Amino acid sequence: MAEEPEKTWQWVTVDDYEKPAVPTTIKIKKWWKKFVRWITPEQEQEGEKEQSQVLELSFDTAAEALDDCFSDWLNDDDDSSLRWIIAPPHSGVEEAVQKWAEKHSLREMSLPDRKSLCDPADSPMPELSPKSDDNKPWIMPQLAHSFLRQTNGLRWVREFFSQVLSGEAGKGVIVCDSWAWAFLEKVWPVPVNQLWTLQGLDQNALEQLGLARGDGRLRALAALSRGNAGVAAAYSDRYQRGSEKAFETPALPSEINDATAFVCYALLLHRGMSKTQLVQVLPIVSGSQLEIQLQVLKQRGLIELEQELWYVTPRGYPVVRELLMSRGFWLDRF
Amino acid sequence: METGSVKDVTGLFKSLDGFAIFEIVVIFALALAVVWLTQRVLPWVAAHLHGKRRLYTLAMVPMIRIVVLVIALVMIIPRIIEPTLQNMVATLGAAGLAIGFALKDYVSSLIAGVVAIHEMPYRPGDWIEVDGCYGEVTHIGMRTVELVTNDDTVIWVPHLKLWDNLIHNANNGGPSLMCIAEFYTQPEADAYQIRDALEEVALTSPYLQLGKPIAVTAAEQPWGTKYRLKAYPIDPRQQFQFITDMTARGKKRLMELDVRFAKIESDEAYELTH
Chain A
1 MAEEPEKTWQ WVTVDDYEKP AVPTTIKIKK WWKKFVRWIT PEQEQEGEKE
51 QSQVLELSFD TAAEALDDCF SDWLNDDDDS SLRWIIAPPH SGVEEAVQKW
101 AEKHSLREMS LPDRKSLCDP ADSPMPELSP KSDDNKPWIM PQLAHSFLRQ
151 TNGLRWVREF FSQVLSGEAG KGVIVCDSWA WAFLEKVWPV PVNQLWTLQG
201 LDQNALEQLG LARGDGRLRA LAALSRGNAG VAAAYSDRYQ RGSEKAFETP
251 ALPSEINDAT AFVCYALLLH RGMSKTQLVQ VLPIVSGSQL EIQLQVLKQR
301 GLIELEQELW YVTPRGYPVV RELLMSRGFW LDRF
Chain B
1 METGSVKDVT GLFKSLDGFA IFEIVVIFAL ALAVVWLTQR VLPWVAAHLH
51 GKRRLYTLAM VPMIRIVVLV IALVMIIPRI IEPTLQNMVA TLGAAGLAIG
101 FALKDYVSSL IAGVVAIHEM PYRPGDWIEV DGCYGEVTHI GMRTVELVTN
151 DDTVIWVPHL KLWDNLIHNA NNGGPSLMCI AEFYTQPEAD AYQIRDALEE
201 VALTSPYLQL GKPIAVTAAE QPWGTKYRLK AYPIDPRQQF QFITDMTARG
251 KKRLMELDVR FAKIESDEAY ELTH
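Here the protein sequences come in this chain order: A and B.
If you read the first sequence in the UniProt record's numbering, its first letter stands for residue 1, the second for the next number, and so on.
If you read the second sequence in the UniProt record's numbering, its first letter stands for residue 1, the second for the next number, and so on.
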């Protein structure tokens, strides 16, 4: 009897998350590339002007798969426990959970206004309505948008943890970016159960998504993206062209200092920020220096401006993650 | 008798022909080349690294040098001296006499340098204080250790300080270096409110190493209360910027809380400091 192929989208607990293995040849190539970049004068790199024909991802199946994990809990009125969904940026988890929540008509919790989060005179607090009779669950769409790493910017999220973990808020689903979660575990160091995420995509899962099998390149794509669907999709255009060239990641700026790393880390931690918010969380970096860093990182295709918020791009994410790792920053688990 | 003594001394040494001299020169030159190369390449590589990787790479420099020089000596000595017990005792006795009279401090520093490599009271990349001088160890030489202070002043400290001086090592070979920002408030202020506010200041600093603890201590002084905010930066080289960030934001936060800072008149300050 043939073995049933594994599903592309699998929800697993965070402890069961597996990153695709990185083949030794890829590791060696990466070190070599790094070494060459050190010793050779840097060539100016054009920004990501090209509009890539990237693979379109649909998260309908992922949303349906969530039913398999959560349906018992959802239908059990006596169970008022919480479900936490943690995932790295661009992984598509937020979209999948959003679709699932719409299907089940979950009540969406309103996020605080970031403009008033740090105002010492104003103290916005989570508006969690009292537990209703039918124990209807709620959803927190993105906990990373509920705080700013600033002296006054953690009050809302602390109150949120206090209320939801005490059970006052009833049953609910909390979606949180992995970088924000790594930080919030330090802000509110209470271990929580039922941490879920989407399993990392290996070469087989990528193939099922619509990428043809290649001579190890699919494995290389899985390794580069660390199993992240959005990142793999962002690099999929080069793959589909059948090019033999290695995946070209955006290059880091020639001059990297603390400010560069702080900007990248703040954007990941808060899952996108405006320039004003960056000024608030990084007062040690002068306004002009901040502007310079944003422009340089944008030129390199590492970050982009979308609806007034700066984000790390899917193509830039592996590069930025590696930069932060090499500089000893506190990383996410994925 | 005299003829016998001369014979004894000359018997110590082998007759050096041209080939032996050539061998010695080649060994010596090769050893120097390897040492020179490691002293340039490894710090260059380390400059591109951060955290533990940088410190480990820097620590390899003196280690490689001592290993190379010992190997070179082991290879050269039998080419010059007949390695018998009698010869070794005679050579060491003569060397001891010279060291005892003329080169005591120099050789003491050299030996301390070897001990420093073995015991590792300081490694390249460490932040140490010796005789009131605080700086980063940038190079460990045969005789001296080179420190660079925060004001970019280079200080050469002889290794012999190791014998009878206290060496304060702030990070001890690792990337963790505790930084302390101090705040002075009037005694009436709510200590627990200040503690919470200062902990939040450290937690929200971009320099903070999140895996390490944050602590605030308070101590009563004649002029008010002294608070010490203790936390670790991501990289020891960020310590001064980290303290600056905590101080600036800490002051701002305390002012928001209407905490009044302790101030002392100039004559009182004089009394306290003298």
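Careful: at least some of the hints might be erroneous.
Stated by the list, open to error - Derived pair list, reagent style EDC-like, types lysine to aspartate or glutamate, alpha-carbon separation capped at 20 Å:
| no. | chain 1 | residue 1 | chain 2 | residue 2 |
| --- | --- | --- | --- | --- |
| 1 | A | Lys-115 | B | Glu-256 |
| 2 | A | Lys-186 | B | Glu-256 |
| 3 | B | Lys-52 | A | Asp-202 |
| 4 | B | Lys-52 | B | Glu-256 |
| 5 | B | Lys-230 | B | Glu-129 |
To be verified - Interface residues of chain A toward chain B, partial, derived using beta-carbon atoms under 10 Å:
| no. | residue |
| --- | --- |
| 6 | Trp-32 |
| 7 | Pro-141 |
| 8 | His-145 |
| 9 | Leu-148 |
| 10 | Leu-154 |
| 11 | Ala-261 |
| 12 | Leu-282 |
Said to hold, decoys possible - So the derived list for chain B, only partly shown, Cβ under 10 Å to chain A, looks like this:
| no. | residue |
| --- | --- |
| 13 | Gly-18 |
| 14 | Glu-256 |
| 15 | Val-259 |
| 16 | Ala-262 |
| 17 | Ile-264 |
Think of the hints as simulated: they come from the structure by calculation, not from any bench.
Note that the structure is predicted; figures quoted are calculated from it, not measured.
Beta carbons: idealized from backbone N, C-alpha and C, even for Gly.
Hint numbers contradicted by this structure: 2, 3, 4, 6, 7, 8, 13, 15, 16 and 17
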